[in-house]
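Student: Chain by chain, the residues:
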Amino acid sequence: MAVAVEEIFLLGFFVGFVSGVFGVGGGFLTTPLLIFMGIPPTVAVGTQASQLVASGTSGVIGYWKKGYVDFFVGTVMLCGGVVGTVFGIIIFELMQYLGQIDLVISLLYIILMGSVGGMMLFESVFSLSKGKRKSVKHEFNRFNSPSLISRLPYKMRFPRSKLYISAFVPAGIGFVSGFLVSTMGVGGGFLLVPAMIYILGMPAYLVAGTSLFQIIFTSAFSTIMHAVTNNSVDILLALFLIIGGVIGARFGVMASKKVKGARARVILALIVLAVCTKMAVHLFLTPDNFFVTVM
Amino acid sequence: MRVAVFSRLALLVVSTVFFIMNTNAAYAQDIRTGDHLVTQVSNDFIDVSAGFGGAVIDLFGDRNDANTDVAIVVEGPKRRVTIWQKEQVMGAWVNRYFVSFDSVPVFYSYALDKRDFIINNSELSEKHNVGIEALFKEEQIRKSRSIDDIEVFRNALVEERKNLGVFPQAPEMVEFLNPYFFRARFKIPQSVPTGEYKIHTYLVKDGAIIDRAVQAVSIKQVGINGLFLRMAKENSFFYGLGCILFAFIAGWFVSAVRVKV
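These protein sequence lines map, in sequence, to chains A and B. Residue numbers for the first sequence follow the numbering used here, beginning at 196 and rising by one. Residue numbers for the second sequence follow the numbering used here, beginning at 437 and rising by one.
Everything labelled a hint here was simulated from the structure, so no lab data went into it. Be careful, since some hints might not be right.
[Claimed, not checked] Selected chain A positions facing chain B (in silico; Cβ < 10 Å):
1. S253
2. L386
3. I411
4. A422
5. F479
6. N484
Beta carbons: idealized from backbone N, C-alpha and C, even for Gly.
Modelling step: build the complete structure from the supplied sequences, incorporating the hints.
Tutor: What follows is the structure in structure tokens.
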């Protein structure tokens, strides 16, 4: 596969910039953009998993030093994450065998990004028009343990997060994360963080570090699985993405002082929806060539 | 009793000798290497490094009979290829029908001394893969149940390969420098798949192959890219571990630098 190094670097820079400005992972941008550049979706997903290890590591160290990582919850989530990864890889392999993997990746992106981007746009435009941020957190905190969740077996005590909850809950959230990493190449922070706050009921200050800790090892496991099952990890591609991303993130953090709050979320939602639309157009527009060859 | 044993033994010996002679004869008829034809390739390896812009392989040959025809085939390693036809399902274009060929060479080219002499020679095309049509053997095909006409799939594949430069637009010409000494030139494109390539040369007289020769060319990825590619294929587990280790270090480095600044 021959793609110009500068293009990869620029892509990494752009995604790094966006993640620096908005404080998001950026995996949801890298994979689609790599696909648009002509990188096979399987390689895009496999490589993105290794890039997540790097960005996760650099992120978690800061939280770890402040003590904002609950390793116990993270480890239980990780167990679910490993199972989710294996499940995702099996689906991935099966779809590859059936010739539908490109379709599945596109559909997953369209559905997830469409709904997340749409909700984000709605929420941010709503709060912009009201002139102040709506405090969503307050309402939800009361629903710490919905009744179904409190009835699940294998309850465990998680002292750091002050939780007494079935191990299936964090493991289930980890499972979703593992599935997303292995099939889409995204850490899934946009789903994990709300799930950990509202379903698990973890203290908000522990959520970011713990989810990053879990994502590092889940995506590390996913990287190995992708490397072994379909040789779809390209270390050089990852290298240039990481370098571009690091530099981009620096500029992004500087720029983030100028855009803030709801306005920033509107821009982010529009970026997400734009990528989602491009994917959908790709899928629904009459192709130039009705035949695809796979070796 | 003894006579019976001897006669049986004799029969066995005779039949074995006959069998060996027979297969030898068939072998000789088919190959008869070295009598009439000598070939040599200009370079028996091609290194693909960063900035590789394609290469040329020259095959030189010498025949002892000017009243013969020459056919040359270059084939790269063979892979299974699946061709999907897209169809609209609920508005989305999805891969719907497939035809797959079990072993299609990743690179293929051929050269002839006269444009069309293979047309009348089924041995060359069927047994020895001279001509693009010869690459798609009936018994190596799998397909969706509802597909009867594989022709469109095959044409789509051939067209794609031609555009990539890994299948020839038309046969190359065998050039004669004198009535015996010949040369054929094959262009290897920038995006050439790596592996062991074979160049078969057939000397044909009155429709029969009277001699043949084989040369090998090995095309390899070299440099750091090649090392990674080889690692990823041959030691994928350790390659994956290496990727993770690299990512950990990169991530740690980034956060360490960030703290200092």
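Student: Look at each hint and say if it fits the structure.
Tutor: Against the structure, the hints:
no.: 1; hint: S253; verdict: holds (4 Å)
no.: 2; hint: L386; verdict: violated (22 Å)
no.: 3; hint: I411; verdict: holds (8 Å)
no.: 4; hint: A422; verdict: holds (3 Å)
no.: 5; hint: F479; verdict: holds (5 Å)
no.: 6; hint: N484; verdict: holds (8 Å)
Violation of the numbered hints given earlier is confined to hint 2; every other hint is satisfied by the structure.
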